[in-house]
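Asks: So the chains spell out like this:
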Amino acid sequence: MALDPSLRDAILAAIPRLRAFAMSLSGNVDRSDDLVQDALVRALANINSFRPGTNLNAWLFTILRNNFRSEYRRRRREVEDADGGYVESLKSQPEQIGRLEFAELIVALGRLPDDQREALLLVGASGFSYEEAAEICGCAVGTIKSRTNRARSRLAVLMDVSGAEDFGPDPSTRAILNTA
Amino acid sequence: MSGIPQTFLDRDVQAKIGDQLRALHDDIVKQGVPDRFVELLSQLDKATKDVKEKQSPDGT
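So the sequences go chain by chain: A and B.
When you read off a place in the first sequence, starting at 1, and then add 108, the result is the number in this note's numbering.
When you read off a place in the second sequence, starting at 1, and then add 19, the result is the number in this note's numbering.
The set of hints was computed from the structure by calculation and includes no laboratory data.
Positions of the beta carbon are idealized from the N, C-alpha and C atoms, including for glycine.
Treat the hints loosely; a few may be bogus.
Stated by the list, open to error - Okay, the calculated bits of chain A under chain B, using three or more residues with CB under 8 Å as the criterion:
1. 138-152
2. 159-171
3. 232-245
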């Protein structure tokens with residue numbers, strides 16, 4: 109018995125959203141596709157623990173998120189990626205990333221604490237409900253709400269959209285963004 | 020640890036951030052499913068099949 113074709117199609121259909129989440133979570137194109145690959149390998153290896161009829165996307169996102177959390181802690185000491193590293197990766201692979209105008213957003217996301225970033229991305233970008241995001245992160249709905257609010261506040265300051273000049277991107281980042 | 024009060028936030032600023040988050044998300048989603056993932060899924064699917072056939076005592 110192979111993988112149920114409809115389940116297989118549903119997993120395939122989830123990949124673009126998983127990639128978007130992984131990219132915004134890690135701030136790095138190459139790593140984000142590796143994160144998606146790891147998540148798929150784990151998902152297929154544990155496919156019997158998926159209950160048909162339940163939320164497949166939430167299940168896949170949970171696997172990717174948990175893997176990122178454990179992986180990230182392990183690698184943080186090994187790879188000290190300076191803030192500029194994100195922008196560099198954007199410059200070198202513009203066609204993969206999309207438009208350069210996202211550079212500032214990705215740098216700002218990278219400065220958020222992990223728990224705030226993942227909450228904001230799940231709710232504000234991936235389109236999950238607070239309840240689904242809470243399930244994915246294994247915490248209370250109220251916790252997701254407060255993390256999301258804190259993330260939005262922090263991002264507003266980091267991205268300089270509120271005119272807080274001192275907290276904005278440095279001149280080199282600004283120069284890159286202005287050429288987009 | 021209540022962070023910056025919600026009242027500090029300007030609605031326009033929040034709308035802008037929301038738009039940008041979704042735009043980045045949509046930009047990547049539009050790229051579809053890269054070939055490497057289509058191939059990976061086929062390989063994993065096949066591997067699952069093989070394992071199950073081996074486990075079956077009176078396999079076909």
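Asks: For every hint, state whether the structure bears it out.
Replies: Right, here's what the structure says about each hint:
1. 138-152: holds (count 6)
2. 159-171: violated (count 0)
3. 232-245: holds (count 3)
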